[in-house]
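S.K.: What follows is each chain in one-letter form.
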Amino acid sequence: NAGVTQTPKFRILKIGQSMTLQCTQDMNHNYMYWYRQDPGMGLKLIYYSVGAGITDKGEVPNGYNVSRSTTEDFPLRLELAAPSQTSVYFCASSSTGGHYEQYFGPGTRLTVT
Amino acid sequence: QQQVKQSPQSLIVQKGGISIINCAYENTAFDYFPWYQQFPGKGPALLIAIRPDVSEKKEGRFTISFNKSAKQFSLHIMDSQPGDSATYFCAASISGNQFYFGTGTSLTVIP
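Chains as they are written, first to last, in this note's numbering: chain A, 6 to 118; chain B, 92 to 202.
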């Protein structure tokens, strides 16, 4: 199993551009999450999904959108990129049934200039 | 508002010593308290986790102590090794939905 994969690994965006961060998991997990990690701030939840077709906002959803059309994929869309969205983005997944262990992807480092 | 408060921000320990990291929370609805270990350039990885119906959980050299009345929990790393040098995050969750992370502790174990 590849676990949780994220693409791209690095990206530089200009202010106002848009992009999609891809996340795929092959563990048949129902729960998927998007976090951003800023220095000294820990991880902040952007959006999460408890199953295909279901998404919900986390702590810091503004400026982002998600979709969950399949169990495997959970893309994160940035519209009108701003310097405040410069961060490292992590995708994670977990199974249900009371087993909450999250498996994280390797991250995407995004710079908006 | 930080839902989970973590301290210290950084910690330096001699090899063989005990590393202790503390976290505190306010929301009594949290029912799952994991600790994650993160190496530079990598995603966090689950180290150990506890639920509020037990006061302590031990896995090898890693122990979580949980004080429900004080709304505090801590990670103890016994016999700390240089390979333990990493950033550690505590977190709290309600039913595996939203997770709230602490701000992290950078641990350095000196040989």
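Careful: at least some of the hints might be erroneous.
Below, simulated DSBU-like cross-link-like pairs (lysine-lysine); rule was C-alpha separation at most 30 Å, straight line [as the list claims (entries may be wrong)]:
#1 Lys49(A) to Lys162(B)
#2 Lys62(A) to Lys106(B)
#3 Lys162(B) to Lys148(B)
#4 Lys148(B) to Lys49(A)
#5 Lys133(B) to Lys49(A)
#6 Lys159(B) to Lys62(A)
#7 Lys133(B) to Lys14(A)
#8 Lys62(A) to Lys133(B)
#9 Lys62(A) to Lys149(B)
#10 Lys133(B) to Lys106(B)
#11 Lys49(A) to Lys159(B)
#12 Lys96(B) to Lys49(A)
#13 Lys133(B) to Lys19(A)
Think of the hints as simulated: they come from the structure by calculation, not from any bench.
This structure is a prediction, so every number in the text was calculated from the model and none was measured.
S.K.: A separate judgement is required for each hint: does it hold in the structure or not?
M.R.: These are the hints, each one checked on the structure:
Proximity of Lys49(A) to Lys162(B) is assessed by CA-CA distance (about 21 Å); at most 30 Å being required, the pair is judged to hold. Restraint check for Lys62(A) and Lys106(B): not satisfied, since their Cα atoms lie roughly 42 Å apart, outside the 30 Å limit. Taking the CA atoms of Lys162(B) and Lys148(B), the gap is near 16 Å; set against the 30 Å cutoff, the hint holds. Proposed proximity of Lys148(B) and Lys49(A) is supported: the alpha carbons are some 26 Å apart, at most 30 Å.
As the CA atoms of Lys133(B) and Lys49(A) are separated by approximately 16 Å, the hinted pair is consistent with the 30 Å bound. At roughly 28 Å between alpha-carbon atoms, Lys159(B) and Lys62(A) fall within 30 Å of each other, so this suggested pair holds. With a C-alpha separation of about 11 Å, the suggested pairing of Lys133(B) with Lys14(A) holds against the 30 Å cut-off. Taken as a hint, the Lys62(A) and Lys133(B) pair is honoured in the structure, with Cα atoms around 25 Å apart against an allowance of 30 Å.
At most 30 Å may separate the alpha-carbon atoms for a hinted pair to count; Lys62(A) and Lys149(B) exceed this at roughly 34 Å. A threshold of 30 Å between alpha carbons decides the hint, and for Lys133(B) with Lys106(B) the separation of about 24 Å falls inside it, so the pair holds. Under the criterion of a C-alpha separation no larger than 30 Å, the hint pairing Lys49(A) with Lys159(B) is consistent with the structure, at around 24 Å. Only pairs whose Cα atoms come within 30 Å are accepted, and Lys96(B) paired with Lys49(A) is accepted, the gap being roughly 13 Å.
A C-alpha spacing of about 25 Å is found between Lys133(B) and Lys19(A), which places the hinted pair at or below 30 Å, so the restraint holds.
Checked against the numbered hints given earlier, this structure breaks hints 2, 9; the rest are met.
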